[in-house]
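> As a plain string of letters, each chain reads:
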Amino acid sequence: MIETDQLTRCYGHLTAVDALSIRAEPGQVLGLLGPNGAGKSTAMRMIAGFLAPTSGTARVCGHDVRRESLAARRALGYLPEGAPSYGEMTVREFLVFIARVRGLREDHGRRRFDDVVGRLQLETVLEQCIDTLSKGLRRRVGLAQAILHDPPVLMLDEPTDGLDPNQKHAVRRLIDAMARERTILISTHLLEEVHALCNRVVIIAQGKLLADATPAELEARSRYHGAVSFSAPGSGVSQEMLGRLPQVAGVEVDPLDGRITVFPRPGERILEPVERLLREQGLEVSEIQLERGRLDEVFRQITLGAEAAA
Amino acid sequence: MSPMAAVVRRELRSYFVTPVAYVFLVIFLALAGILTFYAGDFYERGQADLQPFFAMHPWLYLILVPAVSMRLWAEEAKSGTQELLLTLPVSLWQAMLGKFLAAWLFVGLALALTFPVWITVNYLGTPDNGVIVAGYLGSWLMAGAFLAIGACVSTLTRSQVVAFILTALVCVLLILAGQAQVMDFFQGTLPRKLVNAAAHLSLLRHFEAIARGVLDVRDLLYFVFTIVAWLVAGVLVLDLKRMR
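So the sequences go chain by chain: A and B. Just so you know, numbering that gives the first Met the number 0 puts 101 at position 102 of the first sequence, and the rest follows in order with no gaps. Just so you know, numbering that gives the first Met the number 0 puts 41 at position 42 of the second sequence, and the rest follows in order with no gaps.
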């Protein structure tokens, strides 16, 4: 479990993290979402014990990071931003070093080593210097380091940043596989990641907590939530006719590709009425889509709103 | 294995997988030899001892020890591995002491590899080997003091060049503090007590005392205190950086 309690960090006059209180439970993948410079990394560094909080505190598995720093660090697996590692060491040497520092006993350490190397498919590069590895492999070595001691709490700072789509997919599958019974906190600015991984999202900007919800709840805040969109090339669908439906709040046409989006009034379902209308008018549409809501739009709305208020 | 021992092993290994160790060892041994035999009047003195050899060590360390110590923390700060190291369950003390001990052992190895000089002098005459052992001990302690200074300075900056220059500067001040010429220079301008106090801080004076074979507890304590004080200062800097 990770808990932060009014966690605050100032750099001079700048407040990087402002009275942040979040909580992640076992079995949860909590996504810390925010624009660049929102304070995600600073918050994680305080939880990991690399930075001291200016005020407030955090607890990892009940261990206060200020008073029981070492116990908190033992319970935590942490991948810092950019996955730093000792470049002149081979992958094997590096992981053995981590196992030693973490005090894993010989036989247990060897089992964990084999398990982690297998999971992250590092067998073929064990004897290579980390400096010579690709970015994706280096990230995997960083992940291996973080999970080597089988920690109950895992904290990953932008785990897929800079990876290609295949590597991103592989890392996400891995996180997904580890999610059960563990508490996982990941930071990201990629909205797709939230969909792919998280069962809860905390949005922060300028160090402040702006939203704490499930991805579905966030999507429901979007004006696109429940909207219906379709393409009807050359059919001359009348916007007015759609707008006259009692359930419809508005109609928009994309000026680029001519795609029509119909927005519902609050609480209304409009897929059926729109389909019926199109059928009655005998209009051909190639495909019709019910939108779940757009996270990127909600994200912009929440974070830009906070900037405007500040 | 304790976390500190793991740090010592990792650091020691890192010297030998990069060219640092070999460049250092070759230059140290070459300079130690050249300075002793050519600049130090080893033969002309006609005495079977290693005084000229040890007399060169403060100046040798002045250049070479900062080159070893500059990377201790500056490199980690620059490459970001400091965040990795300090979020592992290692206390600042264990990390600092581990790095220092590894560097000290490494310089100790370099010093040990000068054994042909010792063999030579035993071949040429009958030196007092007790004095030579004391000289080696004093030299190693002095290297430790320089390394502790360098370890502390290295926490202050991400730049290894800055760490090198600052360390060398502090070391040269500690060497010069006790030199007669320097003392004379300040004798007129500064109160006598202050000059004498500064002279007691001089590394050179304590080193020379040990290297003469006079093992005085005060000289040994001087080095132990110097090492501990600078390491404590380094840990404090690291801790302050967490707060700042």
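What the hints contain is simulated information worked out from the structure, not anything from laboratory work. Backbone N, C-alpha and C fix where the C-beta goes; we use that ideal spot for every residue, glycine too. It is possible that some hints are incorrect.
What the hints assert, rightly or not - Below, a list of computed lysine-lysine pairs in the BS3-like style, where the Cα atoms sit at most 25 Å apart:
no. : chain 1 : residue 1 : chain 2 : residue 2
1   : B       : LYS77     : B       : LYS192
2   : A       : LYS167    : A       : LYS207
3   : B       : LYS240    : A       : LYS207
4   : A       : LYS134    : B       : LYS192
What the hints assert, rightly or not - A short list of chain A residues far from chain B (calculated; beta carbon distances all over 12 Å):
no. : residue
5   : MET0
6   : ARG72
7   : LEU75
8   : PRO83
9   : ARG181
10  : ARG243
Stated by the list, open to error - To give a feel for the contact side, a few chain B residues facing chain A, derived at Cβ under 8 Å:
no. : residue
11  : PRO2
12  : SER13
13  : VAL16
14  : VAL89
15  : SER90
> Confirm or reject each hint.
Structure-based check of each hint:
With a C-alpha separation of about 43 Å, the suggested pairing of LYS77/B with LYS192/B is violated against the 25 Å cut-off. Only pairs whose Cα atoms come within 25 Å are accepted, and LYS167/A paired with LYS207/A is rejected, the gap being roughly 28 Å. At roughly 24 Å between alpha-carbon atoms, LYS240/B and LYS207/A fall within 25 Å of each other, so this suggested pair holds. Between LYS134/A and LYS192/B, the direct Cα distance comes to roughly 61 Å. Violation of the 25 Å bound is thereby established for this hinted pair.
The non-interface label for MET0/A is consistent with chain B: the shortest C-beta to C-beta separation is roughly 18 Å, beyond 12 Å. Annotated as non-interface, ARG72/A brings its C-beta within 12 Å of a C-beta of chain B; the closest such distance is 4 Å. Taking the minimum C-beta to C-beta distance to chain B, about 8 Å, the non-interface status of LEU75/A is violated against the 12 Å cut. Its closest Cβ contact with chain B, about 4 Å, brings PRO83/A to no more than 12 Å, contrary to its assignment away from the interface.
Non-interface call for ARG181/A relative to chain B: holds, since the shortest CB-CB distance, roughly 18 Å, exceeds 12 Å. Consistency note on ARG243/A: stated as away from chain B, and its beta-carbon is indeed over 12 Å from all of that chain's, at 60 Å minimum. Because the smallest distance between the Cβ of PRO2/B and any Cβ of chain A comes to about 5 Å, under 8 Å, the interface hint for this residue holds. Annotation: SER13/B was flagged as interfacial toward chain A, and the flag holds, the nearest CB pair being 6 Å apart, inside 8 Å.
The criterion of a C-beta within 8 Å of any C-beta in chain A is met by VAL16/B, whose closest approach is roughly 5 Å, and the hint holds. Below 8 Å, beta-carbon pairs count as interface contacts, and VAL89/B has one with chain A at about 6 Å; its hint therefore holds. With 8 Å as the threshold, the beta carbon of SER90/B comes within range of chain A, its nearest partner Cβ sitting at about 7 Å, so the hint holds.
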